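Below, each chain spelled out in residue letters.
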Amino acid sequence: MALRGGSFFADKQPSFSCDGRFLLVCTGCTVSVLSVATGLRVAELQGHTDRVTSIVVVKGLEEAKSVLTHAWTSSWDKTIRLWNFTTATQITVIDVGYKVVSMVREQHETLSSLYTTVIRKTEFRGYTGRVLLLHIASQKTVEGHLAKVCFLRSLFCFAKFSTFQTSLPRVLVASRKGSFVGMADSAKVWVWKVPAPSVGYCSEVQATVLHPWQPLTVMAFDPTETLVAAADRRGLITVWKNVGERTFYSSDYRRGKSDSGRADANDDAESRTTYHWHHKEVACLSFTADGSYLLSGGREAVFVMWHLETGNQRFLPRLGTPFRYITSAPDPSVFVLSMADNSLRFLNIGSMRMDRVIFGIKPYVTCPDTLEWLNVTKVALHHVHGTVAVPTANLIVQFYDVLLDKHANQVCQILKYNTVVTHVAFSVDASVMVTVDLRVAEAGVGGGSFLKFWTKSSEHIPYTLHTSVDSPHGGEVLALAYHPSKNIAVTCSRANDFKLWVQTKNESKDTHNWRCSATGSYKQKRMHAAAFSHDGTLLAVAAEELITLWNPLSNTLVCVLSIPGAFHEVVGMLSFVPKCPYLISASFGKQPQLTVWNLSTLSVWWSYQVEVEGITVDPNGGHFAVLASSHTKRYHKGGAEVKRNGTAQVCLFKPESPLPTSVWNFKDGIGGALLFLPPTEEVNKAINASSSESKLLILNKHREYVIFDPYSESNPKPASKIAANAAIEDGKLISFSIYLSLTLEPSFTALDTFNAMYLTTNTSKPIAQHDQLSKITSTQPWGDLLNAPSHVLPSLTDIGQQILESFLQKKAQ
Amino acid sequence: MLEIHRLRHLDWIPSAVIALATSPDGAAIAAARDSGAIEVWKAAPGSVGWYCQLTIPGMQGAAISCLEWCSSSVSRQGRLFSSGLDGFITEWDLERLEAKAQTDSFGGSVWQVAAQPSSQDDDSRDIAAACDDGSVRLFTLNDSMTYKKAFPRVKGRVLSVAWSLDGKRVYGGGSDGCIRSWDAATCIELYRITAGIGGQKKLEELCVWSLLVLRSGTLVSGDSTGTTQFWDERGMLLEALTRHDADVLALAAAPSHTAVFAAGADGQVVMYQLVHESSRRGNSDLKEDASVGFGDKWTYVGTKRCHSHDVRALTVAIPVPIDAGDPTSKPWTRPTRERNKWPEPDHRKWARPGIPMLVSGGNDAKLFAYPANDMMSYQPHDICPAPERPVVQLAPGLAQDGNVVMMAQHPTYIDIWRVASSQSTGKRPEAENGVDSDDITLGKRKRSDSTSEETLSTSYQQDQASKGAQSGQRPVLLAKIKSKATAHITCSAFSEDGKFVAFSDRTKARLFELKHAQKQWTIKKKNLPGTVPPAHRMIFSVGSSRLIMACSQGEILVLDTDSLEVLHVFKLAADDLQSPVALLCASPDGQWLAAGSSSGNLVILNLETLRHHWSVPLFDGTPATAAVFHPGNNAVLIVTTAANKIHVLDIAARELGRWSKENHASIPSEILEFPGGISGLTVSPSTGSTEIIAYSPRAMCLIDFSKPVAKNAVIANGNGNGNGAPHLHHMGNGHANGVHHHHHRKNKNFVLTPFKNPVLFVGYVAKSSLLIVERPWLEVLNHFQAPVYRHRYGT
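Each protein sequence line maps, in turn, to chains A and B. Be aware that the first sequence starts at 1, since it is given in the numbering used here, and climbs by one per residue. Be aware that the second sequence starts at 1, since it is given in the numbering used here, and climbs by one per residue.
Hints should not be assumed to be uniformly reliable.
[Stated by the list, open to error] Dumping the calculated DSSO-like pairs for lysine-lysine here, alpha-carbon to alpha-carbon at most 27 Å: (1) B:K519 - B:K767; (2) A:K193 - B:K297; (3) B:K525 - B:K515; (4) B:K297 - A:K177; (5) A:K590 - A:K685; (6) B:K707 - B:K767.
Please keep in mind that the hints were generated in silico from the structure rather than gathered at the bench. Please read all numbers here as calculations on a predicted model, not as lab measurements.
Model the full structure from these sequences, guided by the hints.
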């Protein structure tokens, strides 16, 4: 059995139920119904097989009370579905035939038509879409289309506007009273008047077009439907007044008015006013219910409330993350802000205060491009049952309850916007938390790392700051590890050294202090990874291509391991397998490698040439799992490497054997993370398992996760390949494939491919491994061949031959 | 290869634009400056630029507060009035460029005047003047102005005045924060509006600076709180919009009267627009929505901030095409939008005849034009890149030691400079050429005896003279001739051999002899006979033996500089020269004289036979801006017009020259859209040269008449035949000096070279060396009063 969670609330616009008690949120392939009062999930609408793109709550007549709990959803799976969201049942499925990007429904008495934007075809540079009209009664689209839409990736014509950072899809907007539907295309604002139900062709729908000065991002209608506001990528908000008088009301529109005073002779609007405060892209716009205020939010993370008459502004600054959507609630003073840090904030615009915040699991730290090499901790196990620690931006460490799929707590020192938490580690009893945060330099000034030690003081406050070390090393901290039994932490840095930090008791004041007890370095090499062995007697530190083993108590170098031949790869991950003498290392570079060392013989036990995204070891011992980005085809396009396929593979190994015991395909897994959860009662209960084996938690790049028992026999075995739909129709079996983006596909084929692809470079005999790898690196200069400790050097005959070969090749060239 | 010398030391202090007025036909605007000068600007048909048609020079102590240009049955041009803080109302003669009539206000300083609107060109209308003593006075306009009556005095000053459109009521806004409405016939105060909103400011502190009456009867007021308020005919407040950070100083309405522009001391020009009540609001389902207001509303549209200082005046003009038969002047329509193309912020897209333009002027001396109907979509156009620039003339005959003498005409004095001309003598100068460096000391100044009414002061550069040629590379102020008269200098002339300097103001012409002996410069005044009238333009001919003066009434005098006798007076018919002469150009051999008027006439006179030779037909309705005789062939005249067209005239044959005939259609369009408008021509002194340089304050362009003019091949990346041809090239650190090569084009004909700093003069000082007189605009701005403080983010 498996448990999944960690959905991204802010990806699509949420929608309130008619009574305002529920909020419907798109969460991947499902729609979650959240209770506004408690913030908890009440129901989940499951059925779509691809991402849900929009939700339209039916606002029926008073007498049709049963309809009030209905909602339409659209999805990339080419269907539109009608639900009763209180009972979580599906009523109707309409197959549209195209991927639906956005959908609005007219709010007239007749349940006749829906507007949809659909993706029609995929072209080389992106997508072309159509805005279609769909009759609900006949379940058919009206002939023709309302507009053609260029989706963003194809906007190469705006290359000079280089500020494109996000690619918001074009979204349809309906006015509140429901007489108009609009869309902000990049180059124009479309406004359509809702047609009569009898309309037979899209060309009969009246439309008007407004032309902005800049490429637009969003638009909004005011409650009186006379104003149209649109915002562009440079932060300028444009408001057109009396839009569509000529087009829609020309019969009773006053005549004899000269056109010379018009704002723009081509546009059907009487005046155009601009409001400018945002200096970055505006992501959302909304009018208040009385139409006198305009609300906007952008990438600066500042909420602005404009008084349209005077242009006066009210601000709500320091929100921390960019805006995604503003949704109006039935209560005119409440708006829901969907923020990019996966939170929903209920804002009361009267008091300008947040009534409630619903946090989801926070997205990954996004490092600036200059620090892309930084190997950040993606997720760390917090030893309180079922909680993981998630380092995020703005100096926040979030504790997320993965079993309840709920934000548990967060540690936040001071909201600092250009600072990210890069590493988190815990002591075994979780009484001490160690974090490393990185302040991103602005224009080359002010950057730096900070090492912080936190202690647990009370139940309510998760952690309090104990010691802060400013710039613990000369450079950025690359790795952090905590000793399994003692209060010792190790940090590795870009400044070619590692430091051991110990807690010592100050006798006079009876306090504990953290101090640096030892510093080590090896051959002036950068230290990229560190790990303690599970008994705490050995510390492994990766020094570029070498692995150095130290005694952390006596601070002495024990020995050095070298991957033979791999001289230009950097070891980026290290992990000891408990209860057996194995060390796992993963290196990066042109020839990435996963290597298992036998520490009793100090030799390579086996290795794969595979790029590893994450390693986790079963605390019970005996197994480890890796997240391998195996199937990625790398090709060069304009100099940049593009990962074409996001599917990763999760492989479970016994360290003794190079043959994986299980392999799962994991969609969108590249950039993900994985973690073994200890088999506590809560975990077993949550996923309906009873075994005493550890459970595996896998997160994809959107931080959607799944928890399952990798050893379980009831686990879908390769033979029983389960389709997603079958799982749903069964109704009882919760499969891994509940939504497509989080598909675990255990299959023989995957295992076969894996073996077929990598077994060629794999051997169970370390000696043979030597030969093969030596050949790979035979083009290297001979000096590199000797750059390794003597115990791993190949035999003299081998090396002599290679040296001679390298000389010969030089001459040949 | 051209060598470029730069001079940046010239004093250039343009004065602020105080008031603007549009001519009755809407085609021209008059701008009054702080110096008292009044300029008339017109848009050239077929061209995008505006040009200064004529200038009435200012005078010391002038304090114009307001301009009013009303129609008249007598004159097609209308009558231009100005009011001043000196307490006078003046009517100006645009042909003689002087005051026609003047009357005392009998109430102290006049803050604003407004002419009574009348449907027919009735000359017996009234003009209302807002006086400092607190009363609005009416003057009847007949042949001159006659005091009619005064409205009852109010407390404080009356700062603004406006007529209702039927001409029966007068509105006056005062320094007491009230707007009053009087019946013009009975002098009864009909009602009074207190302009302060909700006790924002004490009434005594609130000044109503500007009033505007719209066709709908709406009264618009701009006051010192930065608020623009709209009132209906009965004095009820319709809308109060506060969008300025400082006082609203001027108001203007678009021709449709559905948009109002307000200019403020904070440098902003704000557009307000009347948005009619939506026809949808009458729907029944909207009526219960009580929070939504009904009726037409004045709403804020947007703001433009292009002036660096206070905006003092606004006006709306509609440049009309003069010649309706011209195919280029057909009504212009906005080009339809191409898909995915954004309108470029360029005035060329909108500035067309027939498009109403808003013009603003302010303390930074500049004039900006905006499209009145679509102000927010386009960038404003700086129509006056070099306001009140000093007139510069060279005396190439006086060149010595690689130096040349230059004269610069300022409003109250004339400077004579010695500047470098070439590197021919002495050793090769440094790349920066000395001329660029700004740390030049002018040496000792000595006052000579001032027996005459002019103060003569000469200065010497003695200390470096012994160092030879290299010292000659530094610009030296040789002399300064100050005019003691109150009127500013109208025109000046500098003879080619540097022997004579002449200038004239509104009252009198003066002649000086410049002598140079043993490194000593002396200036001697030569008294002209009392019969010599003041001149509009003057020039020396045949070396320095003749002084030619263009006076009012179409008279052109030829004066002998030795005997000081008037040799001949050309009396040109009104058909030939009906408006003041704006351009004089004499051929180097002294045979020909070209005289151009500000209305576009060009007359060629033969100075040897003293006869009228040829009245050149109107080119395109625009006056000639520059003219130069071909150095090789004195019978060939090259003329540029305000429409940036270049004509070559064959004077002897009395026809258009061969080059013009052949290439008239193929002159590149870039020249027709010359940035800043061609303001001068200069020709290389060598006789065999076929090149001229046309320049404007913004750019210069080298034109070679010996080379083909191919429309596409030249402007596009030409498949050029320009091998070995001389081309614009400047020595040393070129781009540091601000001149950038436009693009490397193979064909060197018609290459536009834009300037970074406004350029006042470009002239050949030797065969291959060019003098550029320029001044960075930021240095010019330092002379102005600091603008209203504005907080800039991050400072």
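Checked hints:
Between the alpha carbons of K519 of chain B and K767 of chain B the distance comes to roughly 25 Å, so the proposed pair stays at or under 27 Å and holds. For the given pair, K193 of chain A sits about 25 Å from K297 of chain B by alpha-carbon distance, which is consistent with the 27 Å threshold. Annotation: proposed proximity of K525 of chain B to K515 of chain B holds, straight-line Cα distance about 11 Å (limit 27 Å). Of the supplied pair hints, the one linking K297 of chain B and K177 of chain A holds, its CA atoms being roughly 23 Å apart against a limit of 27 Å.
Between K590 of chain A and K685 of chain A, the direct Cα distance comes to roughly 44 Å. Violation of the 27 Å bound is thereby established for this hinted pair. For the hint linking K707 of chain B to K767 of chain B, the alpha-carbon distance of about 19 Å falls within 27 Å, and the restraint holds.
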